[in-house]
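Once you've looked at the hints, dock chain C against the given chain P.
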Amino acid sequence: DAGVTQSPTHLIKTRGQHVTLRCSPISGHKSVSWYQQVLGQGPQFIFQYYEKEERGRGNFPDRFSARQFPNYSSELNVNALLLGDSALYLCASSFRGQGSETQYFGPGTRLLVL
Amino acid sequence: GENVEQHPSTLSVQEGDSAVIKCTYSDSASNYFPWYKQELGKGPQLIIDIRSNVGEKKDQRIAVTLNKTAKHFSLHITETQPEDSAVYFCAASAGFQKLVFGTGTRLLVSP
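Respectively, the protein sequence lines represent chains P and C. Take 1 as the starting number for the first sequence in our numbering and just add one per residue. Take 1001 as the starting number for the second sequence in our numbering and just add one per residue.
By construction, these hints were calculated from the structure, which means they are not laboratory data. Remember, predicted model here, so these are calculated numbers, not experimental data. Ideal Cβ positions, reconstructed from N, Cα and C, are used throughout, including at glycine. Hints should not be assumed to be uniformly reliable.
[Stated by the list, open to error] Calculated pairs, DSS-like style, for lysine-lysine (alpha carbon to alpha carbon, straight line, at most 25 Å):
#1 C:Lys-1071 with C:Lys-1057
#2 C:Lys-1037 with C:Lys-1057
#3 C:Lys-1042 with P:Lys-13
#4 C:Lys-1068 with C:Lys-1057
#5 P:Lys-30 with C:Lys-1042
#6 P:Lys-30 with C:Lys-1037
#7 C:Lys-1022 with C:Lys-1058
#8 C:Lys-1057 with C:Lys-1022
#9 C:Lys-1071 with C:Lys-1058
[Stated by the list, open to error] Stretches of chain C that chain P covers, calculated by requiring three or more beta carbons in the stretch to come under 8 Å of a beta carbon on chain P:
#10 1020-1034
#11 1042-1055
#12 1081-1095
#13 1098-1105
[Said to hold, decoys possible] Listed next, with one range per pair, are the computed distances between beta-carbon atoms:
#14 C:Pro-1111 with P:Gly-84: 36 to 42 Å
#15 C:Leu-1108 with P:Gln-41: 17 to 23 Å
#16 C:Pro-1111 with P:Gln-98: 37 to 43 Å
#17 C:His-1072 with P:Gln-98: 21 to 27 Å
#18 C:Gly-1055 with P:Arg-15: 46 to 52 Å
#19 P:Leu-11 with C:Gly-1016: 38 to 44 Å
The shape of chain P in the complex, shown without the other chains:
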């Protein structure tokens, strides 16, 4: 069975540009969460979506937005990129998005902002 997939694997952008990252959850999973992992640190929660509705939002600026599609895949959008947005962006999926449910992570998209 396929796990969580993310695209692209790597991306280079310049300051001020916009980026869209994509995630496909494990088949049958209806919840997707996004995390940002800066080099040398643990992942930080950005968003959770369940059944196309935003369920939670972390402490990130409005430049970050996301959405979930009817097939449960998701996009993370970041506008007006800053150098500090350079990080590994991780997507995680779970079946029902319940608090104590296991989240399975994808391989991530590595974003470099120059």
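Positioned in the frame of chain P, the structure of chain C alone reads:
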């Protein structure tokens, strides 16, 4: 909000030794505590998790203990092998699926 502290930041052991990583959390409402292993260039992989109604859980060479009173939980790896070398993260969750991660422990197992 929740804060998770993790120690040590690096841990070097000889193959066959045991390794212990400790985490403390601040939010008494947290009820789910997963441990993830992250290898270079990969996403975090769940290795074991524990929920607040259980004090200990074991899966082959890996065990996790939880002390809700003291608000700390630990990962124990016995009979370590070189392939256990990676960065390990603890995390805590209260309510919805916002995982708050520790800062990570780099485990190096020398043959």
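These are the hints, each one checked on the structure:
1. C:Lys-1071 with C:Lys-1057: Roughly 16 Å separates the two Cα atoms, so the pair holds.
2. C:Lys-1037 with C:Lys-1057: Measuring from Cα to Cα gives roughly 17 Å; hence the hint holds.
3. C:Lys-1042 with P:Lys-13: holds (21 Å)
4. C:Lys-1068 with C:Lys-1057: Holds, because 14 Å separates the two Cα atoms, which is no more than 25 Å.
5. P:Lys-30 with C:Lys-1042: holds (23 Å)
6. P:Lys-30 with C:Lys-1037: Measuring from Cα to Cα gives roughly 24 Å; hence the hint holds.
7. C:Lys-1022 with C:Lys-1058: Within the cut-off at roughly 16 Å; holds.
8. C:Lys-1057 with C:Lys-1022: holds (15 Å)
9. C:Lys-1071 with C:Lys-1058: OK: C:Lys-1071 and C:Lys-1058 at ~19 Å, within 25 Å.
10. 1020-1034: Since three or more residues must qualify, the claim that chain P covers the segment 1020-1034 of chain C holds, with 3 doing so at under 8 Å.
11. 1042-1055: holds (count 7)
12. 1081-1095: holds (count 5)
13. 1098-1105: This one holds; 7 residues, not fewer than the three required, reach chain P with a Cβ under 8 Å.
14. C:Pro-1111 with P:Gly-84: 36 to 42 Å: holds (39 Å)
15. C:Leu-1108 with P:Gln-41: 17 to 23 Å: Holds: the Cβ-Cβ distance is about 19 Å, inside 17 to 23 Å.
16. C:Pro-1111 with P:Gln-98: 37 to 43 Å: holds (42 Å)
17. C:His-1072 with P:Gln-98: 21 to 27 Å: Roughly 24 Å apart at Cβ, these two residues keep to the hinted range, so it holds.
18. C:Gly-1055 with P:Arg-15: 46 to 52 Å: At roughly 50 Å between Cβ atoms, P:Arg-15 and C:Gly-1055 fall inside 46 to 52 Å, so the hint holds.
19. P:Leu-11 with C:Gly-1016: 38 to 44 Å: holds (42 Å)
When held up to the earlier numbered hints, the structure conflicts with none and fits them all.
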